[in-house]
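K.L.:
Chains as they are written, first to last, in the UniProt record's numbering: chain A, 1 to 467; chain B, 1 to 467.
These aren't lab readings, by the way, just hints derived from the structure by calculation. In this text, a Cβ means the ideal position worked out from N, Cα and C, and glycines have one as well. Be aware that one or more of the hints could be misleading.
[Claimed, not checked] Partner residues are not named here, just some residues of chain B that face chain A (Cβ under 10 Å, in silico):
1) R31
2) V96
3) R97
4) D100
5) A101
6) Y189
7) A227
8) N384
9) P392
10) G394
11) D434
12) L436
13) V453
Number of protein chains: 2
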Amino acid sequence: MNAFQAMKDAAGPGGWIDDPALLEPHLNDWRGRKRGRAELLLRPATTDQLAAIVRLAAQHRIGLVPQGGNTSLCGASVPEPEGGAVIVSTTRMRRVRQVDAADHSLVVEAGVTLSEVHAAAEAADRMFPLSLGAKGTATVGGLISTNAGGVQVLRYGTMRALTLGIEAVLPDGSVLDQLSALRKDNTGYDVKQLLIGAEGTLGFVTAAALKLVARPRAVATALAGLASPAAALALLDRLRGAVGDQVDSFELMPRTGFDLVFAQMPEVRDPFGAAHPWYALVELTSPRDGDPLAEALESALAAAIEAGDVADAVFAASETQRAALWALREGIPPAERAEGPSVKHDVSVPVARMPAFIAEATPAIERGWPGARVLAFGHLGDGNVHFNARPPLGVDYEVFRENGPAITRLVNDITVAHGGSISAEHGIGTLKRDELVRLGDPAKLSAMRAIKVALDPLGIMNPGKLL
Amino acid sequence: MNAFQAMKDAAGPGGWIDDPALLEPHLNDWRGRKRGRAELLLRPATTDQLAAIVRLAAQHRIGLVPQGGNTSLCGASVPEPEGGAVIVSTTRMRRVRQVDAADHSLVVEAGVTLSEVHAAAEAADRMFPLSLGAKGTATVGGLISTNAGGVQVLRYGTMRALTLGIEAVLPDGSVLDQLSALRKDNTGYDVKQLLIGAEGTLGFVTAAALKLVARPRAVATALAGLASPAAALALLDRLRGAVGDQVDSFELMPRTGFDLVFAQMPEVRDPFGAAHPWYALVELTSPRDGDPLAEALESALAAAIEAGDVADAVFAASETQRAALWALREGIPPAERAEGPSVKHDVSVPVARMPAFIAEATPAIERGWPGARVLAFGHLGDGNVHFNARPPLGVDYEVFRENGPAITRLVNDITVAHGGSISAEHGIGTLKRDELVRLGDPAKLSAMRAIKVALDPLGIMNPGKLL
Numbered sequence: 001m002n003a004f005q006a007m008k009d010a011a012g013p014g015g016w017i018d019d020p021a022l023l024e025p026h027l028n029d030w031r032g033r034k035r036g037r038a039e040l041l042l043r044p045a046t047t048d049q050l051a052a053i054v055r056l057a058a059q060h061r062i063g064l065v066p067q068g069g070n071t072s073l074c075g076a077s078v079p080e081p082e083g084g085a086v087i088v089s090t091t092r093m094r095r096v097r098q099v100d101a102a103d104h105s106l107v108v109e110a111g112v113t114l115s116e117v118h119a120a121a122e123a124a125d126r127m128f129p130l131s132l133g134a135k136g137t138a139t140v141g142g143l144i145s146t147n148a149g150g151v152q153v154l155r156y157g158t159m160r161a162l163t164l165g166i167e168a169v170l171p172d173g174s175v176l177d178q179l180s181a182l183r184k185d186n187t188g189y190d191v192k193q194l195l196i197g198a199e200g201t202l203g204f205v206t207a208a209a210l211k212l213v214a215r216p217r218a219v220a221t222a223l224a225g226l227a228s229p230a231a232a233l234a235l236l237d238r239l240r241g242a243v244g245d246q247v248d249s250f251e252l253m254p255r256t257g258f259d260l261v262f263a264q265m266p267e268v269r270d271p272f273g274a275a276h277p278w279y280a281l282v283e284l285t286s287p288r289d290g291d292p293l294a295e296a297l298e299s300a301l302a303a304a305i306e307a308g309d310v311a312d313a314v315f316a317a318s319e320t321q322r323a324a325l326w327a328l329r330e331g332i333p334p335a336e337r338a339e340g341p342s343v344k345h346d347v348s349v350p351v352a353r354m355p356a357f358i359a360e361a362t363p364a365i366e367r368g369w370p371g372a373r374v375l376a377f378g379h380l381g382d383g384n385v386h387f388n389a390r391p392p393l394g395v396d397y398e399v400f401r402e403n404g405p406a407i408t409r410l411v412n413d414i415t416v417a418h419g420g421s422i423s424a425e426h427g428i429g430t431l432k433r434d435e436l437v438r439l440g441d442p443a444k445l446s447a448m449r450a451i452k453v454a455l456d457p458l459g460i461m462n463p464g465k466l467l
Numbered sequence: 001m002n003a004f005q006a007m008k009d010a011a012g013p014g015g016w017i018d019d020p021a022l023l024e025p026h027l028n029d030w031r032g033r034k035r036g037r038a039e040l041l042l043r044p045a046t047t048d049q050l051a052a053i054v055r056l057a058a059q060h061r062i063g064l065v066p067q068g069g070n071t072s073l074c075g076a077s078v079p080e081p082e083g084g085a086v087i088v089s090t091t092r093m094r095r096v097r098q099v100d101a102a103d104h105s106l107v108v109e110a111g112v113t114l115s116e117v118h119a120a121a122e123a124a125d126r127m128f129p130l131s132l133g134a135k136g137t138a139t140v141g142g143l144i145s146t147n148a149g150g151v152q153v154l155r156y157g158t159m160r161a162l163t164l165g166i167e168a169v170l171p172d173g174s175v176l177d178q179l180s181a182l183r184k185d186n187t188g189y190d191v192k193q194l195l196i197g198a199e200g201t202l203g204f205v206t207a208a209a210l211k212l213v214a215r216p217r218a219v220a221t222a223l224a225g226l227a228s229p230a231a232a233l234a235l236l237d238r239l240r241g242a243v244g245d246q247v248d249s250f251e252l253m254p255r256t257g258f259d260l261v262f263a264q265m266p267e268v269r270d271p272f273g274a275a276h277p278w279y280a281l282v283e284l285t286s287p288r289d290g291d292p293l294a295e296a297l298e299s300a301l302a303a304a305i306e307a308g309d310v311a312d313a314v315f316a317a318s319e320t321q322r323a324a325l326w327a328l329r330e331g332i333p334p335a336e337r338a339e340g341p342s343v344k345h346d347v348s349v350p351v352a353r354m355p356a357f358i359a360e361a362t363p364a365i366e367r368g369w370p371g372a373r374v375l376a377f378g379h380l381g382d383g384n385v386h387f388n389a390r391p392p393l394g395v396d397y398e399v400f401r402e403n404g405p406a407i408t409r410l411v412n413d414i415t416v417a418h419g420g421s422i423s424a425e426h427g428i429g430t431l432k433r434d435e436l437v438r439l440g441d442p443a444k445l446s447a448m449r450a451i452k453v454a455l456d457p458l459g460i461m462n463p464g465k466l467l
């Protein structure tokens, strides 16, 4: 019996796909930039089946590519073009194993989507405080493996902070049983932390215990029109001074981002009478019923207008108005995508350095590639912006794309000079591997390679990714 | 030149101690239970000096024992009795390198004490939200290496959640430069997470970027008298339902703990007219000036009294009264120590299982060792209690101590049966090594050993500890 047949058997009835037409969507990445090769996709339904597959892969030296919702942005979730590896999808590992409202935790399997986690938490009168655009497709296994971020990191942290426990199949086929939701457990190296953000190169996350929080009982949302990122930073400081960690989200957006949204989504309207160069979307929440957050937000914004940091502000007086303000922020990525590809970056710098970073990187691109249009938007509160370079008007991306590597090196150099990270929340995958080697801390890279060899000596886990 | 002399030279002038009288306090652990041997203690003043020492140790195969404030509770910070290893103290690495109020972070060297971190944060109108009894002595390097907890974990997490970045000397003498305070950085394995809680077995933490939070502007504190841990859990649920993550601390204490405090500390007074079997100390905080937390706390406690969960409650109407309530909680460990040694455990279980754990473990000890007096107190909000067995009245600890291993195995077995951890916040050191091997997840232990060999192939870092 050959290895592939043994692996199919291990995955059980209905546990595999080898029809090229059905495989096709699993070979292409979310952004349509990368196409890999594979002849087989396995869909185990249980951790034991997955462990058996990993043992067979180790025995036959076959590479395994973990795949959840396949919404990875850096190419980690599709196989390499050389072929030879087998995709292992978590599509059938979809149980919500436990929801414990009193403990503020739930246990879900790797293939459960983020939207399903939200729903399970809400059904228990709790909230899972991490959200992002691909929530209907992205799965828990992938979210953990890329240490996903989103729009509430300022208050609640990334996936790492929300992952209490993990069950994983390690590259030798053993099952790491660290699924407890304990708040405190100091019994040796926290091995599960290695799996978080490892992009599938150290094993398969098969289930996770996630932290829930109280549902917000009071919410206050506002959009501020501002002159600059520096003015937005001053507003953020003012708000944190007034209400501390009750600032849930603080998103920075340029006028050019709004223009993209208005052009692509006619149903979204500008809440202001006049245009502003920049905008900040602010949301405060409180777990306490009737907490007068709106007053706190209004008084902080009034003071910011008085001080000249904010030009104008609108407040959401209803859930509908709140959704309309968020549509402006959430519309930017799809509107940009609809307009055509761009050279994208997902960088972070210390929060207070963000205005200086934008002020330096934007003209550097405009000087180097005349007509290129910079779009910088994102999570100012976390020091994380998506910093994209769009082709000059009328220039096709296929022509512009040859500038990509040089633009990226420039943006990354400026990022590192400001003490930042070349991948804030999207990971490395294959897209940023060379830049990680060029700019990464040598001691960290060396430790990473030693860890990879120690835990995956045969190199079967997600070959070609990250390292 | 012999190895010790080369290491002394690397540590620079004033950088070593070899006088046996001066070495003595560094050989004995905090609880006076363990005495190790060493002929030399090094006190490098800089990361570069420390890196040079590690390279010499690797070259000459000399074990190194990292030591901060030497307040470790499981024997990790003193050398082994066999001798041969050199203690490396962080006493001279004491700079506060940076405080960034806008970024809510600071960077301190390993030898800075927790009290000094508190002071530096307060000077910038911020708070470092982790505190524990040994704060005047315990250092940042040790707090990180044991992933310390304390009384605010419920809201702010352990040291791991508060450590944004780390600088460390790895066992090959290279310097891991991951000191940035970035909120988001997904560039490969988060190697620094391995150092957190590694008890010095994977390298030296030399500096850290720590997360600060807004200072609380409103505080409400109360002590509730209750019938049982189950009643305390019901109160915790009620409070979290009413105010969510504004519950900062929720500490459970038995009457026997109060009696110890009253006996040893006559200045501490019982705020109630009558005795209660159990007590819960509750503190809510808000970052917003004038937030009416006291009303929220009073109404929740009134409802709990109405429902029969709480027998009586007192509220702190001033900072003096608040300190008096906390003195009851903070007095328990020193009062217990003053009364004599006990067989101590630091276990955690899922929060909702704590009443069942206490209800099972207490009579199990009383049955097995008639007259033994159980003292269970601690952080109910985190599912973490310190569960100690004191000798029967009139029995000397030196006689009782032979029961220690059997008592510990019983407590640990019950802990594991409830899905708990045998070390919530004190670590493993040498004290719990055997129990970790007996009860730990085999896949995790195997991964830990592989990581240790990968990063410290010569085994020079804190030999004999943890693994």
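K.L.:
Evaluate each hint against the coordinates.
P.N.:
Right, here's what the structure says about each hint:
1. R31: violated, 17 Å
2. V96: With a minimum Cβ separation of about 17 Å from chain A (threshold 10 Å), the hint on B:V96 is violated.
3. R97: violated, 13 Å
4. D100: holds, 7 Å
5. A101: holds, 9 Å
6. Y189: holds, 5 Å
7. A227: The hint is violated - B:A227 has no Cβ within 10 Å of chain A, the shortest such distance being about 19 Å.
8. N384: holds, 5 Å
9. P392: At about 30 Å, which exceeds the 10 Å cut-off, the nearest Cβ of chain A leaves the hint on B:P392 violated.
10. G394: violated, 35 Å
11. D434: violated, 13 Å
12. L436: Holds - the Cβ of B:L436 comes within 10 Å of chain A, reaching about 6 Å at its closest.
13. V453: holds, 7 Å
When the structure is compared with the earlier hints, violations turn up for hints 1, 2, 3, 7, 9, 10 and 11 and for no others.
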